[in-house]
Amino acid sequence: MLLFRSEEHVNRWCRQWNQPLGAVLTLEQGWGLAQGWYGDRLDLGWRPKSETEIEAAFAELGLRGDFWRLR
Amino acid sequence: MHVYKHIIETGQTPKVARIANDLCRRVTEIRAALHRLSAGHAMVLEEGSGEILRAAPFWAVPTSFRVECGTQSWWGSCIWDALGIPVMLKRDADIITSCGCCSSRTTLEVRSGSLVKSTGVIHFVVPVRRWYENVVFT
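First to last, the sequence lines map onto chains A and B. Using this note's numbering, the first residue of the first sequence is number 1, and each one after it goes up by one. Using this note's numbering, the first residue of the second sequence is number 1001, and each one after it goes up by one.
It cannot be assumed that every hint is accurate.
[Said to hold, decoys possible] Chain B regions said to be covered by chain A (calculated; three or more residues, Cβ under 8 angstroms): (1) 1018-1031; (2) 1044-1052; (3) 1066-1080.
[To be verified] Which residues of chain A face chain B? A few of them, derived with a C-beta cut under 8 angstroms, are: (4) Leu2; (5) Arg5; (6) Ser6; (7) Glu7; (8) Trp13; (9) Gln19; (10) Pro20; (11) Gly30; (12) Trp31; (13) Tyr38; (14) Ala57; (15) Arg69.
Calculated directly from the structure, the hints in this document are not laboratory data. No residue lacks a Cβ here, since even glycine has one placed at the ideal position from N, Cα and C.
Could you put together the complete structure from these sequences and hints?
Dropping the structure here:
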């Protein structure tokens, strides 16, 4: 999960390293993922998310489709 | 929680022997607990030594994702984890990283719980269900 200057640089990296184009997120979506995963990590009641919760968190950020399915 | 406390205070992941000593437990007990956490993907352990490589979102060794909070710093394993460190600590931070393609350096700024003055996009190459087949590559 890397940061790139632009989608053009993502495409260039994919060609250079012979990797498929996966999913390109805005920084805001990445920030949303960070908040969803780590915002409560130091809480004493923290527990790992279930698969259903993870898929729901992805969907809330607009991350839908086969790429984002766990099952 | 003890592992996180150590990392947050020192910037380094604790060794298994140190955790055992701190918690007055046997090394074998600590190794078993770390393996359970690893099985649940909360941690990644080094092959062979069994020492902590990743206690999400922290990475034990230098990476391309350095997170600075005042005089302290940590390493994230990827951009998601690097963003997660200031979120977890609820602190302002600079995330010093670079473009995965051209290596141009960039700094993402986290201030008062928001990402500011930051540009770029994030690329996930591996579909979610395959993330843990090779977590280092992911």
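Earlier hints that do not hold, by number:
Result: hints 1, 2, 14 break, sorted rising.
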